[in-house]
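Asks: Spelled out from the first residue to the last, the chains are:
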Amino acid sequence: KAGVTQTPRYLIKTRGQQVTLSCSPISGHRSVSWYQQTPGQGLQFLFEYFSETQRNKGNFPGRFSGRQFSNSRSEMNVSTLELGDSALYLCASSPTGGYTEAFFGQGTRLTVV
Amino acid sequence: AQSVAQPEDQVNVAEGNPLTVKCTYSVSGNPYLFWYVQYPNRGLQFLLKYITGDNLVKGSYGFEAEFNKSQTSFHLKKPSALVSDSALYFCAVRGAWGGKLQFGAGTQVVVTP
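Order-wise, the sequence lines are chains A and B. Throughout the first sequence, residue numbering follows my numbering, covering 1 to 113 in sequence. Throughout the second sequence, residue numbering follows my numbering, covering 114 to 226 in sequence.
Keep in mind that the hints were calculated from the coordinates and are not lab data. Treat the numbers as computed from the prediction; the structure is a model and nothing was measured. Glycine included, each C-beta is placed from N, C-alpha and C at the ideal position. Among these hints, one or two may not hold up.
[Stated by the list, open to error] Calculated cross-link-like contacts (lysine to aspartate or glutamate; reagent style EDC-like; alpha-carbon spacing at most 16 Å): (1) A:Lys-13 <-> A:Glu-82; (2) B:Lys-182 <-> B:Asp-122; (3) B:Lys-171 <-> A:Glu-101; (4) B:Lys-135 <-> B:Asp-122; (5) B:Lys-162 <-> A:Glu-101; (6) B:Lys-162 <-> B:Glu-177.
[What the hints assert, rightly or not] Label-pair ranges, simulated between beta-carbon atoms: (7) B:Ser-197 <-> A:Gly-58: 28 to 34 Å; (8) A:Asn-77 <-> B:Gln-158: 26 to 32 Å; (9) A:Pro-8 <-> B:Ser-141: 35 to 41 Å; (10) B:Lys-190 <-> A:Gly-58: 37 to 43 Å; (11) A:Arg-15 <-> B:Ala-114: 30 to 36 Å; (12) B:Lys-182 <-> A:Ile-12: 29 to 35 Å; (13) B:Gln-123 <-> A:Ile-12: 36 to 42 Å.
[Claimed, not checked] Partial list, computed: chain A residues near chain B (C-beta under 7 Å): (14) Leu-43; (15) Tyr-99; (16) Phe-104.
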């Protein structure tokens, strides 16, 4: 069974630009979550989608948005990039959330210059 | 609100010695508890989880964890550490009603030959 796939793996953007990251979950998984990982803040929850609906949201500004498609693939978008958005963005999928464990992709390393 | 504390930033252990990584949690109701490991520039790998039942949970790569409800702890253990166990370990909790997976700050494990 293929794992969680995130594309691209590495990305360099300029401040003020926008970026879209993609996540393909494990086949059959309907819950997709996104996390931001930085050395200073650790792992912070961005949002969770389940069956195309945002089910939970973290404390991030509106510049961070996401969506989930009918095939469970998910994208997250960051508009008006700031230097502080430089981070490893991790996507995780699970069958339903709840008591089921989440499986993580290898992440997208975003660098904002 | 739910929270996780990993009191040690780093744990140093000699190869062959027992390894313990500490985790305490706070959540309303019964918790779902998870341990993950992260190698450099990689995503998180699931190690084990506690949902209900036996307090001692066995997971991947020889790791186990002990759930202690009265102490609200979920410490990760390995009887004999390997150099290859050197990595960043995260404890996470999710409330029984679902919601986001709340991670601790992580503990760096260094196993010396």
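Asks: Taking each numbered hint in turn, which are not upheld by the structure, reported in ascending numerical order?
Replies: 2, 10, 12 and 13
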